[in-house]
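Engineer: Sequence lines, in order, name chains A and B. Per the working numbering, numbering through the first sequence is continuous, rising by one, with the last residue being 396. Per the working numbering, numbering through the second sequence is continuous, rising by one, with the last residue being 709.
Derived by calculation from the structure, the hints in this document are not laboratory data. Beta carbons: idealized from backbone N, C-alpha and C, even for Gly. Incorrect hints may have been included.
Said to hold, decoys possible - Quick partial rundown of chain B residues pointing at chain A, CB under 10 Å, derived from the structure:
1. G152
2. A203
3. A204
Said to hold, decoys possible - In the SDA-like style, the derived pairs of lysine to any residue whose C-alpha atoms are separated by at most 20 Å in a straight line are:
4. B:K17 with B:E175
5. B:K126 with A:A9
6. A:K148 with B:G679
7. B:K183 with A:T74
8. A:K145 with B:L643
9. B:K183 with A:A9
10. A:K148 with B:R677
11. B:K126 with A:T74
12. B:K126 with B:Q199
13. B:K183 with A:N78
14. A:K148 with B:L632
15. A:K392 with A:P163
16. A:K148 with B:E649
17. A:K145 with B:L632
18. A:K148 with B:E269
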Amino acid sequence: MRPTRRALALGGTGLLLLLAATTAQAGWLFVLSAGVLGLVLASVFIRHRLGAAAISRQLPQRARVGDPVRVGLTVANNGRGSLPLMLISDSFPAFEPVVVACEPIPSGESAHIELVRAPTRRGVFAGGSVTLTAAAPYGVLRSAKTLKVDSSITVVPQWVDLPTWPILEPSSFPSDVLHERARTGAGEEYLGVRDYRPGDPRRWVHWRSSARAGRLVVREYEEETASRVALVLAGADVGDPPDSAFEALVSGMASIALYALVTGHPVDLLAVGADNEVMELSGPDRTATLEWLAHVQPRDVSLAAPVARALQRLRRRGTVVMFVPSRGQAATSLEPALNQVQSSGSRAAAVVARASTWGTGVASAEETHLLQRLPTGRAGVRTVGYGEDLLKCLLH
Amino acid sequence: MSASLIELVRSANRVRKSEDSVKLRAAVLGAVLTGALALAVEQAIAIPTAVIVLIAIPIAYWVSYVRRNEDNWHIKLALALGAVMALFRFLGQLSGISTLDEARFPLADIFLWVQVLHSFDLPARKDLNFSLGSSLALMAVAGSLSQDLRYGFLLLIYFGFVVAALHFSHRSDVEERADATMKASSPAARSGRRLPAAQIARAAVATLLAAGALFLVLPQPRGVRTFALPFSLGAGGGLSTFGQIVNPGFQNGAAFRSTGTAFHGFNNELDLRVRGNLSDSIVMRVRSTAPAMWKGMIFDRWNGVTWSADTEDPSSLGTDPPYRYPIEFRDLGPRIDITQTFYVETEQPNAIFAAGQPDVVYYQGGLAIDSNGGLRLDSTLTPGTVYSVISTRGAATPRELRQVQMDSLLPRIERYLELPETIPQRVHDLARDITASESNPYDKVKAIEAYLRKNFRYNLDSPVPPEGQDAVDHFLFETDVGFCEQFASATTVMLRSLGIPARVVAGYAVGRRNPFTGLYEVKNSDAHTWVEVYFPRYGWYEFDPTFDIPPAQVDLAEFVPLVRAFRFLAEKLSALIPSGAGGLLRQSLVVAFVGVIAFGILYTWRRLRPKPVEAFAGAAGADLGPVGRAFLRLEQALHLRRLGRSPSETAAELLARTANLREPSVTRALQAFQRERYGPEPPTADDASAAVAELDRLAGDPPTRGPEG
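Using the sequences provided together with the hints, build the complete structure.
Structural biologist: This is how it looks when you write it as structure tokens:
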């Protein structure tokens, strides 16, 4: 129990009245003083019995960051007396704290409320404390009890629905003249040619067609239309989640992964875990993808290990998309990783979060150098910054 | 320019959050009206004023409720003008008062008008809370004036409103702080009727019990108030007296039977042949810093049946209060102050009743002094008269008094040794026999007191002495019953026969102290006579051979009503228990009392003591990571610095309040803690160690700057 400011005000007033009563020798002022102090003392003896409260929280199993969901809160009175007027502070970490006033609950009864709340951050959340505060009847002494409430929710990242993502697109469109022309005389796996796209290995270049067309043209193979896509995530976070560089990368990764699944690409998800072990999920469906992404945490490590694992999975050809912020070890390792992927015959792409935009706004020399050095002509590199439209960033 | 100024004023007066609770407003209104009514009942304000106020305040509350969401700048302007007018009215009233004490009434008046004006602009809860506090001041002023139990009824009603107002204020506060409200599922609970009423009733009962208990245990020290002592003539001057004592209820020599309305001894003579009971009607109320005998008359001459006071014209002490007791009458030696205010209820003789030696007298009228030192007024004391006296009373110890010998008496004291020749020798002989074994005057006085108490019984209808016989001789040798006059006269005569200066004084016994008003209620039947004995170098000391004189030094335990109640109970019970068991019972009660108090203190401490910090990590049980343990250390350190976490505070809020969240190291520590505590993956070893170092730094160093913003 803690006294409130009102308790101090009443106590001080009572003592002043006592002083006045002594000075004026007025008996009724002693009574008045006792009455005012009695308001405080009575609050001491009126027990709140908050321990009789049992609280449960009802959550959906899964939610997306920012999407409104219905969250239920039930308070049951298991005690013999009534529960007083209370303030219930729900500090479940997935949501902003909420405070609910709870009317007095008679013995054996319960109260329930459903609130529409939006998860503010990605992750897998469990537990979460609820604090009951009561200062009835006068707001003089406040007692509080914090209860641990078992409930869980998986908050998956936000994503954007990509209408297309050229790096993964097959070029088998009727309008593609080059494709039709090059198809003639091709082998079983050979599908045709198409324009060079950043990220295509150099050995795919079809020099004769390129000479004819006056621009780089590459061979396209049948298996490429459904080639495996490995998405690799690493790097430290900058900014405050959920509005941070790492969260933007996770959202980007979710968007591309879901697009890949929609377009029939087998997907591999890779990141580095707490013990520097490579975490991977191979061939997930949409739900598994999002749940896996709900778990990942920022870890500033080199891309070498996860990329090597990704290339093992891709075997002959495929696409490796790396998601890194523009600072730290992960950023430093990006260029070698891109080269490694292309050297292995797979297509390489990267989504880079410009970390400085979440921080001071001034790019460091390291960051500037990295962005300039990235082989944008050869690899598909997209950048995303603070406050930018993710869809536009991924498409352009 | 002017438009922007008005807009600025309106903006400054805009209500941020208005109070919508009609119940809260009604409860506060009830409390304020009760306060105003109490002032009217205690006659602190005139009836027309009370009527206007009791009509205006509800109207003002209605206006302030209807306009609670407006800026009301024009009302505020009008209220400011009204306040200035009230101030001028107050200053005008101040110029008409004659004593500082009377300033209470203009103060009550202006406070009431401020309350009325303020009632027109009560948009927010804090305004209502202020109004509730102001109503307490009204009740306090009324309580300081009250002399009877009517105020108690108003006080009960007032606290009923206060309890309701605090309840609804708290409820409003809770609802304001909440994002939503939930109710129990039962229809009764959802209707919101049954439980709040029951809880208010429960709170009211608990408050009543707590207040009662506090009233019993709170000490009621009697501060010596020597400033602004009240004095005024109630119904104006009474009967003019021209220096002689006039008793409106019993004229000199009127009869040998008292009418019961006034003590016959409040006259120039005290005739020991008069008999009769006195009524129990209250004659005066006394506010005093200590219980005392209220002495009014001093008799010095004894003629065998009658004591006479000085009948010469008294010497005037002037016409302007306060009056100082002449230096030649003042006694020396150790003395204690007793400050008294007398509220006269029924007409009294033209004498000042006061404890001991009346050093300073505040009385609105002429005052004179007779040769015995008795104070006489120029008219009788009329009902409603108030006067105050600062007295001193001899506080020499028995040991000091025992060392006094009657070898150097002042000439003015020798008159208190005079006795008529007609006193029978056996009276002198008895006095010597009683005090034969005593070597000093003090012990002789006590020996005579003890002798009379042991051998004589108290009876108001004792036999009247036959014509020609000395009344003291008749009391001592022919009857064994008498009342205060016989006891006091016999003591005085015997002391004088032993060469010890003594005199009979008459007045009122202390009366019964009303625990609620704090006033001693003095009844007609408290009229009394007792003895004053003169001790060289120390002066006159009171002795009462009939009853006990209240002690000069007040027992501190007497300040606590509960102690008085326990003593009263112990005395009543010990009277029922065989001799010897009473002391044990009293001790048992004291032990029980101490036990109850100790239990109460312990219980209160257990309820109020700071609980061990309930950490974020604590809720998770024992599975604390290194960052969690560091955060726990930080919480404990903050707790010791009285910056501990409140139950609803989040980790980010705690750090924002106690550290600088703009510092990256603090932010990283917070993120590491949140990740370890809530995230699926713990922070890296580097992050964790950095966070631990940062949190330990915060725990060790008091913050050098305040929270952000």
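Engineer: Of the numbered hints stated earlier in the document, which are not met by this structure?
Structural biologist: The structure breaks hints 9, 11, 12, 18; every other hint is satisfied.
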